[in-house]
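Peer 1: Below are the chains, spelled out letter by letter.
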Amino acid sequence: MAKRTDIPFFQDPSRLFLPWISMLMIFIASLTLAGGLTAYRSLSYWNKNVSGSITVQIPVVDEQGKSRSEDVQSDIEKALTILRTNPGVLGARVLENNQMRRLMTPWLGEHADIETLPLPQVIDVTIDTQSPPNIQELNTELIQQVPFAILDSHRVWLDSLIIMADGLMKLTVFILLLLMITTAFTVSYSARTSLTMHKQVISLVHMMGANDGYIAWQYAIRILKLTLIGGFLGLILSIPVIFGVAYFFKTIAGDFNCCIDSILLATLIGTPFVFALLAFLSTLKTVLTSLKRMI
Amino acid sequence: MLNETKLSASVAEFNGVSLRYETGPEVLKDIQFTLQPGSFHFMTGESGAGKSSLLRMLYLDLLPTRGRVRLFGHAVDSLSRTAKARLRRQIGVVFQDFRLLDHLTAFDNVALPLRIAGVRENEIRRHVSEMLAWVGLEKQMKILPPQLSGGEKQRVAIARAVINRPRILLADEPTGNVDDTMAKRLLHLFLELNKLGTTVVIATHNQPLIKHFGFPQLHLDHGHLQLIQPTNKYADMASKLFKRGDNNG
Ligand SMILES: Nc1ncnc2c1ncn2[C@@H]1O[C@H](COP(=O)(O)OP(=O)(O)OP(=O)(O)O)[C@@H](O)[C@H]1O
Ligand SMILES: [Mg+2]
Numbered sequence: 000m001a002k003r004t005d006i007p008f009f010q011d012p013s014r015l016f017l018p019w020i021s022m023l024m025i026f027i028a029s030l031t032l033a034g035g036l037t038a039y040r041s042l043s044y045w046n047k048n049v050s051g052s053i054t055v056q057i058p059v060v061d062e063q064g065k066s067r068s069e070d071v072q073s074d075i076e077k078a079l080t081i082l083r084t085n086p087g088v089l090g091a092r093v094l095e096n097n098q099m100r101r102l103m104t105p106w107l108g109e110h111a112d113i114e115t116l117p118l119p120q121v122i123d124v125t126i127d128t129q130s131p132p133n134i135q136e137l138n139t140e141l142i143q144q145v146p147f148a149i150l151d152s153h154r155v156w157l158d159s160l161i162i163m164a165d166g167l168m169k170l171t172v173f174i175l176l177l178l179m180i181t182t183a184f185t186v187s188y189s190a191r192t193s194l195t196m197h198k199q200v201i202s203l204v205h206m207m208g209a210n211d212g213y214i215a216w217q218y219a220i221r222i223l224k225l226t227l228i229g230g231f232l233g234l235i236l237s238i239p240v241i242f243g244v245a246y247f248f249k250t251i252a253g254d255f256n257c258c259i260d261s262i263l264l265a266t267l268i269g270t271p272f273v274f275a276l277l278a279f280l281s282t283l284k285t286v287l288t289s290l291k292r293m294i
Numbered sequence: 000m001l002n003e004t005k006l007s008a009s010v011a012e013f014n015g016v017s018l019r020y021e022t023g024p025e026v027l028k029d030i031q032f033t034l035q036p037g038s039f040h041f042m043t044g045e046s047g048a049g050k051s052s053l054l055r056m057l058y059l060d061l062l063p064t065r066g067r068v069r070l071f072g073h074a075v076d077s078l079s080r081t082a083k084a085r086l087r088r089q090i091g092v093v094f095q096d097f098r099l100l101d102h103l104t105a106f107d108n109v110a111l112p113l114r115i116a117g118v119r120e121n122e123i124r125r126h127v128s129e130m131l132a133w134v135g136l137e138k139q140m141k142i143l144p145p146q147l148s149g150g151e152k153q154r155v156a157i158a159r160a161v162i163n164r165p166r167i168l169l170a171d172e173p174t175g176n177v178d179d180t181m182a183k184r185l186l187h188l189f190l191e192l193n194k195l196g197t198t199v200v201i202a203t204h205n206q207p208l209i210k211h212f213g214f215p216q217l218h219l220d221h222g223h224l225q226l227i228q229p230t231n232k233y234a235d236m237a238s239k240l241f242k243r244g245d246n247n248g
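If you're matching them up, the sequences are chains Y and D in order. Taking numbering that gives the first Met the number 0, the leading residue of the first sequence gets 0, the next gets one more, and so forth. Taking numbering that gives the first Met the number 0, the leading residue of the second sequence gets 0, the next gets one more, and so forth.
These aren't lab readings, by the way, just hints derived from the structure by calculation. A quick note: this is a predicted structure, and the numbers were derived from the prediction, not measured.
Below are the SDA-like pairs computed for lysine to any residue, each with C-alpha atoms no more than 20 Å apart in a straight line: (1) K141/D with P7/Y; (2) K141/D with I6/Y; (3) K77/Y with T125/Y; (4) K198/Y with L100/D; (5) K194/D with A8/D; (6) K198/Y with P144/D; (7) K141/D with R114/D; (8) K83/D with L290/Y; (9) K291/Y with L86/D.
Next comes chain D alone, as it looks inside the complex (with noise of 0.2 Å):
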């Protein structure tokens, strides 16, 4: 019931939140926003402005020396094992360095958030081969990571991170390895599930992407952060045109 109440708030809520690596110095300092349900997000910041930090105390590995996250209406920092577990199911992840598991095939690591989730196999079977269909590697599926190109490799950990519907995604730099057509198409993955309901957020430093789908910006400089609007016209008017089709599905 509690559940309920909080899931109508907000996904994730960042009050006056710093980070610093053990003694070194402040690399996020005093941030401030708030992710409605349903929001898409991009995150722009030069190399090393602290977005992949940023990403790492939304999934929950990283909590903040100073100030309150509050995820899916829960203080992170007072949540138990088991908890934490179980928002972290609710949570889709792509890696800036993917972390595949060498050991597994492309098809049992895209598997691997379901089996954790206890899906059945039969079920399983289903959903992996078409998610990685999807992503265009049909033909990999029985691969090992160490044989994937880097794009491939991408695609693998894209198709993990969304194969169990996420509330929320967080993709650092997923479009980093592949061409302009498959990080557009991947794109259009995220805006599948955005329009599904997933709230997203994605790192990337891709100008020419950011200006084609136009959705609002974290943008990092010097560890502080501040939002910007699309200015594009018809970038405005497509971000609100899917914010419609959230609101009607």
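One chain only, chain Y, in its complex shape (with noise of 0.2 Å):
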């Protein structure tokens, strides 16, 4: 048997402009909950694998290129003893030739010489990711005693990181928030149209003996379905976008900690159902409360 409602919704152009909006709603919604998603796990991926190592270096020339050797085993020795008393400390070292030279093959080549070279000494600060030391304080600190001490550390740029992905986040709560918000709003100013133009419909099924809740479920199911529908396509199509962008960040940055698994993919199958969910109640509220207006 064809598909019967009591309310001629057929004539609404509600009818292709929710599942429009909807698809659009969605489509903004998984790109901005898969960006938002991906930086806060990123980063705190970051945080826990790349927060333990700071370095301080101790040049060997000054600014002029002059050899400062003699200061710099003393330099050495203040920097050990601050970064050692600092309670976030775990530990320091100086780097061994050997290791400078590891570090430096990219650079020099297997067979450089680099005791001629003028590198730095490098100490290498294991902190504690529990509790770890305030950077800008021990810089400060450091600075004071040791004047040529650079301190070099992911920290720094990663603190600014973090409250980067914190402003991400709450991008990402808020532009949510204003799509659903969006949503509600639409739903609710087509409903009430929609009320007014079958007016005569509505009261007559209300002379029949029909309840508010009667009407108001039909037009709830409907905008539940129109907005499934518009919610899915708007999903399908951000997914190749979402894939390309990972892609695009996996070529840029090889190991990129990135970004589709099944929580993400989770999250994004779900956000149609609760924009739905949100429409219908949303709808139900509205004629609800409109009946009681109009009849």
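Work from the hints to combine the two standalone chains into their complex.
Peer 2: In structure tokens form, the structure reads like this:
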């Protein structure tokens, strides 16, 4: 038997408009979620794996290129003392020449005679990842006593990245909220328009003893269907874009900790359902309230 | 419990009821009458006398501007939305302008009250087919109202009003678009329903029909209501006969 609804919804312009809107909403929501989630998870990965290493360099030549070899040893001693007395530091040691050589190989080649080069002395510092030192304070303290010391910390840029990730997460949540509010308003508005349009039919259905819930349910079910259809179209459209971006990142950043796994996919697949449920509830509420005002 | 005692009282009760539309003149003035369960009335009066308006108050579409209306024992002005909906499911209405849903087939139009009442689909299919066959529309079941003749639309409207076996049937000019034979056939449908206990009020201009069936008339004249008892002896007997059948059933 043909699909039958008491209210002639097929006359509503919203039957095309609503799937389109929810397609767009889910498309944007998917990209936002994929971006936000990936940024957040990459950063927590870096946080765990990178945060343990900071280095302090003691240059062996000054700005003019004059050797300052007599000061280097005392600088190292001072720096080590400062580092080792900091509660956030687990250990600090000067890198041996062969370790240095290994580090420099990519730039200088296997057989470079690094003893003759003015390479800085490097102190490798292991920090307590549970309660890391305040890098800024540590840096200030070092510079005061060892003006030539250069604190090189992944922490410094990691901290800014963490701030950025936090910002990204907040932005993601903000955009999602915005999309949800827009969805709720859009379906509510279209429901009210439709109620006005079908006022006669609705008053007749009322006259035959229909409760407000009977009418609201028909509206809500219709919206649920339309937003689910649109939502899954949006999801399907977003998947190749997300894969494309992920592929792009993999290409430019080799072992970049990325991206598409079951958690992300489950989140993406869940999104149309969440939006459709929201649209469903918003419609139900709108129709129930409007009917009381209408008749 | 409360409903049961109220039920045994009257179906409808108008007490000093007046009606005016917005700032217009009073269309109905100091209306006073009671409809007993199982009664059958015609409603007469010239065009514009207020028949449709009185019926609208009976099917809870209008509230009186003055006076009190009680329906199945409930004061209509103090009904909640849900209570109103529940009462309306026990009222069958044939509108003067049919008010069929143009996007639904004749079948689905007739099925509407059953669907609203939550009746199961297989039962709906059986009832509705039977009813449409009774009003001679078994071939038009799948047709949309715009493709039906005036008389066919009227029969769909009647089928829809009676499908739910309402406690009260209000028909506004239900035979205006059919020939005499069909008019009588439709009136017999109302009589069948009446025998099963439904209270019936039919607004009509059709004097021969009124004479033929001889039920009392609620006559409206310049907004005033007056009850006219049938004079025709034969009709009087017929109406008593129906009343007795009603009591037995
Ligand atoms: N919605 C309305 N707004 C204002 N006036 C109305 C409205 N409906 C009816 N009237 C007026 O109320 C009076 C009674 O109208 P009503 O429709 O009840 O008459 P009726 O007896 O059913 O007439 P008919 O036999 O032609 O159907 C008329 O004067 C009409 O103009
Ligand atoms: Mg009328």
